Every structure is written in C-alpha cells, then in structure tokens.
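Number of protein chains: 2
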Amino acid sequence: MTTETVRISFHQLQETLQRILQKKGFSPERAGLSARLFAETTRDGIYSHGVNRFPRFLEYLDKAYVDPSAEPQPVSSMGALERWDGQQGPGNLNAWTCMERTIALARQHGMGGVALRNTNHWMRGGTYGWQAADAGCIGICFTNTIPNLPPWGGKEPRLGNNPLVIAIPRDGGHIVLDTAMSLYSYGKMEVARQEGKLLPYEGGFDNGGNLTRDPSEILKTERPLPIGYWKGAGLSLALDLMAAVLSEGLGTAGIGELGTEYRVSQVFICVDVSSPAHFGLRQSLVQSALDFIHSSAPAGGDEKIFYPGEKTLRTRQENQTQGVPVELKLWQSLQQLVTD
Amino acid sequence: MTTETVRISFHQLQETLQRILQKKGFSPERAGLSARLFAETTRDGIYSHGVNRFPRFLEYLDKAYVDPSAEPQPVSSMGALERWDGQQGPGNLNAWTCMERTIALARQHGMGGVALRNTNHWMRGGTYGWQAADAGCIGICFTNTIPNLPPWGGKEPRLGNNPLVIAIPRDGGHIVLDTAMSLYSYGKMEVARQEGKLLPYEGGFDNGGNLTRDPSEILKTERPLPIGYWKGAGLSLALDLMAAVLSEGLGTAGIGELGTEYRVSQVFICVDVSSPAHFGLRQSLVQSALDFIHSSAPAGGDEKIFYPGEKTLRTRQENQTQGVPVELKLWQSLQQLVTD
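Which chain is which? The protein sequence lines are A and B, in order.
Heads up: the first sequence at position 7 corresponds to 14 in my numbering, and the numbers run straight through without jumps.
Heads up: the second sequence at position 23 corresponds to 30 in my numbering, and the numbers run straight through without jumps.
Rather than coming from a laboratory, the hints here were simulated on the basis of the structure.
Not one of these hints is a red herring.
Derived pair list, reagent style DSBU-like, types lysine-lysine, alpha-carbon separation capped at 35 Å:
1) K318/A with K195/B
2) K195/B with K311/A
3) K162/A with K311/B
4) K195/A with K311/B
5) K204/B with K162/A
6) K227/B with K311/A
7) K227/B with K318/A
8) K195/B with K162/A
9) K195/A with K318/B
10) K204/B with K227/A
11) K162/B with K318/A
12) K227/A with K311/B
13) K311/B with K204/A
Quick caveat, the model's predicted, so the values are computed rather than measured.
Turn these sequences into a full structure, and let the hints steer you where they fit.
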C-alpha cells in the first residue's frame, strides 16, 4: 500500500468496526461477527475486501440496499440440499450463516449444499472457505455479481467476475483458493493505475481491441481478460447459472437490471472430511502434493511457488504480530464514526 | 483436420469400434457403450478424445493398464456421498457408471457425489456432463492426470492438466463446460505444430522463460500456460486434492510415480433439477442468461460469442447428417482390426 498506513491491533480494529455497526442497527452479536470478518480479511492481506470496503458497506446500509437486521430464511429443502433467502441482509453474515448450515448438512449427509438468493456482496469469498476448512470440511462456494466482464467475442459486460472458492483442510494451514474470473481484479488494476505501473501480464483489452498491460486502458474499456480467455468466460456463465438456478434468485443479467450490485445469488457446498470413519482426509496425501509442487525447479522469474492460501497464512501471521495495516485517513474516519 | 478424412455413418462407426472391443474381451453390452462414447465424442467434434484416441486405448488394454472386464465397486458410503474403486477398468465405462450412480444419489438426496479411484482416462470429460444434463441434473465432474503442467513460479511438471466439467440442463441444448487447466491442450498444440501455425494467443513458455505463441517451443519445454496463470495452477491443485482425498486414491504426484497415466482419481457431483416440486430448473432463467451474452456488441475480431456447448451442438448436428469425419488411414486400420 502506497498511502500512509498505521498498524492497529486486531482487537482494536474489530471493536471499532463493531461499535460503528451497532450504531447502524446491528445487534451486538451480529455486529461482532461482521466486524470480525472485515478485520480478518484485512489481517489476511485481502485489503480490497476488508476494512477498505467498509465505507461502501456503510453506504449500502444507508441506501437500504442492505438491511442490517435481516436474517436468511430457509425456503425449501431436498435432503442434502437447501434453498435459502437472504432477505437482503448483510452479505457476510448471510454467507457465514449459510456456510454453517452447509457444514451441518455435510455432517448429516456426507455432503451438503445451500443455494442462497437475495443476498449481498459477501466481501472476501475466501472467508467461507477458511470457515469450512476450520470445520474439517472441503468447502466450495461461489457468488454471482453485476455484469462486469464481457463474454468472449463480445465487448460489453454480460458476465459477472464471479469468485470461486475451494478450500481443503490441512493441519499446517488450509489450502484455500479464492479466484475471480478475471486475471486481475478491478481493485488490483485501480491500484496499479494509481501507482502508474503496468500490469505484470496482459490483463485486458484496450480501445482498439488489443491485449494490453496498461490498467487505465482496461478500466476505460471495462474489458478485463477472463482467466483462460474463452474458458474463464464459460466458467463465469456456468457459476452464474448454477447460483441463480439453484437459489431461484437473480442471475447476472437480472442483477444488471437493478443497476447496483445487490440481491446476488450464491452456492455453498461442503463435504465432511473430519471423520476418520468415513471420508476422513489423509493429511499425508495433501502434504505430498504440496511437497511435490514445491520440489519443482524455479522458473527463474520473480514468482515463487505457492499453494493457494500459503501467502495468506504468512501475511496473517505478520499482521497478527505487528498489527493490521489500515490507511491512516480511513482509520481516522472510522474513529470519527464511533464518536459521532 | 488437414489429413484426408472420410465421413462414416455414426452407426457404422460405433459398430466397428464395438466389434474391435468385443475381440479385446469386452462383453457385448460394455463394448457397445464404450464404442458409443468414443463415436459420440468424434461426432461432437472433440476429435482428440474420440476415435483418434482409440488406438492408444487399445494399446493400454494390451499393456494391461486397463482391464476390459473390471467394473467399479462401491467402497464406502456416507449418505449422499460414496467412494468407489474403479479396479483399473476402462475409464469411460467407469466414469459412466459412477455418473449414473451420482444421478441416482441426487434423485434421493437432492444432491449426490461419487469419488472414484483406480480408474483410467475418461476420454472426453464432457461426456459425463451431457449424461448428467440429459438426466435433468446439474453435473460437475473432474479428474486428475499425470503431472504435465508446472506450478506457477516453477518450470517442471508438478500439476495435472485436470479437466473440469460443469453441465446445466437446457431444453434447446445443454450448457456443457469442459475445460482443462491449460489454455491450449497438448493435442491442440500438436496440431498447430504439424500445420506450422502459431497459436492464436500466447500459450506457454519457451526455453528462455518467455511467453510464446510457438507450439513447438511449448511442446519442448512442457510449460503450457495455465488458465489465469497462477489461478489455473491453483485450481488444478485444488481439483487434484479433492479427487485424491475423497477417493483415497492417487494424486497427481502419485500418478507421476507410475510413469504412465493410469489409476487416476475422479469426482462426480450432481444436483437434481428435474423436479418442479423441489429444485426444478426454470428454463426461462437459463435462456435469459444466454440471450444476455449474445446481446453484447461483438469485439470485432474473429471470435464469435458462444455459450459452452453451443459449438458442440452445431458440430453434432452437422456430423450426424453428413457422417462422422474419421481420418482415412485410421478408418482403414480400424477395419483391419475387425477382420484380423
């Protein structure tokens, strides 16, 4: 981060966010959980979706896109699979509740799923992957979004940059993949633009339809490059359709008609691998895969070999010890909100 | 295809393959199904994994990597989720059986899953997506492979180019995504090399560690580009771990130790969306998503906007009418095998 930052203890950061949310109408318990998830996201180094996103979350509360007291409700059930309605409640609390329910379904049926409609942005998707893995479950979840990615062969946004999360429990730190459908997020491109830097790899199309590393060009055309080009575009459509169909909620097309990203649809899937009697996970098998990738000769560039979640764990430990970095101006404004 | 091809009726093609498989020890019923899946794959235009792959399949039978009479056996069950052992039987028959079982579990529990170990290459992964969608199910399946993709930041193969399949039923033709983890398959790169063509986009690294469009360079370094670079590499690891952990079978690392790709691990997941009473799929919702992507202004290049499965359907119809294209030399050698 290039702007001036201060390091705040995790406890102080969470408490500050919690007090603000209570002033916005959250119950103490729900304010505490939501604040913890925001603070953990920043602590884990996912700065774009943690405290930096908190002001926009407050704005959505003020505009009534998000109802602070709404809780998700079960709509229908078919054994291992349930449909829930998020009632436009806070996205991170809704997602947390539905992943908890998914874990319970997996305990009961071996695997379980919840499809959630009428919810809001879940902030960091990886949160619910860590949640599932902490509970001894393989967790898969995904959300749809407002249209912000063109289909392959098109130049207007018709797909969502839908994050896909896959988490696998591991004693020494879970494997948690949290990947959106574009190579670079809008947040990452915005940061690069502000710093006057080119992207490390071509990340989208310029006005002439050519691939470019210039983030300002891509932010203008709104044509970020899907992962695997036509493949990521196809995966985005598949995730959107599954989320909308299973929840009977809005698809990306429908969210686009709202003009603002709310009332999104999500899916949570878990497999219980905590029980040695059934599908218990062999830690040695996971470790051998990680040892195997780390045994490759380095490619020789700047990139090191990491498994998904490995960098997160390092950043978490550093920020836990040294304090969570928060932009000074943001921190000051948060403190102002507490005392207002 | 550049080599001389003949168009064979689907029926004649299937019958020819079936007769060869019966001579190799397949029961008539199993020979018929396996032959149908090979023939359908070529009919659908996935030439690399259809009849073109049949000689290598026969070779694996001769080398006893594949046991023609072995059938998958259930190992353990936990409600909606089951573990099966493929007994090193033919990969396409094993996968078909396990997707059938997954569909049955989804009918019973809303969603269901089967993890399969000790199986063999399933040929076209999309086959089992079409199978699930034909049964009114959303289907997800994936397989691991021998190491043939480097981890991001590394230059030696440590990951599998694990295909991921997602299928969503649709009245006018299913949405079936069938995507490996590299931008271009080894098969596609080999074809481009033979034709002396550059790849449309950078598809891997050359000897100097630079991205290149030259397929012969990538075939030499064995460094194809994962979809979304570090993202596809992470997704590959996650799919491999899920397949190996849930089946208690071999991971990519373990398959690598065998030296030849057999005894792979796979996962099949279905959600039953055929029943209006429960999670019935609203066709209008699916159609609106397809209409939405097709409504984008074209990007202006050679690429048209397709949903996953759209091109397959066109090719299928064309090949069904005109006959399935098979390389003349291959067709002659297959006929020889029948009469030998």
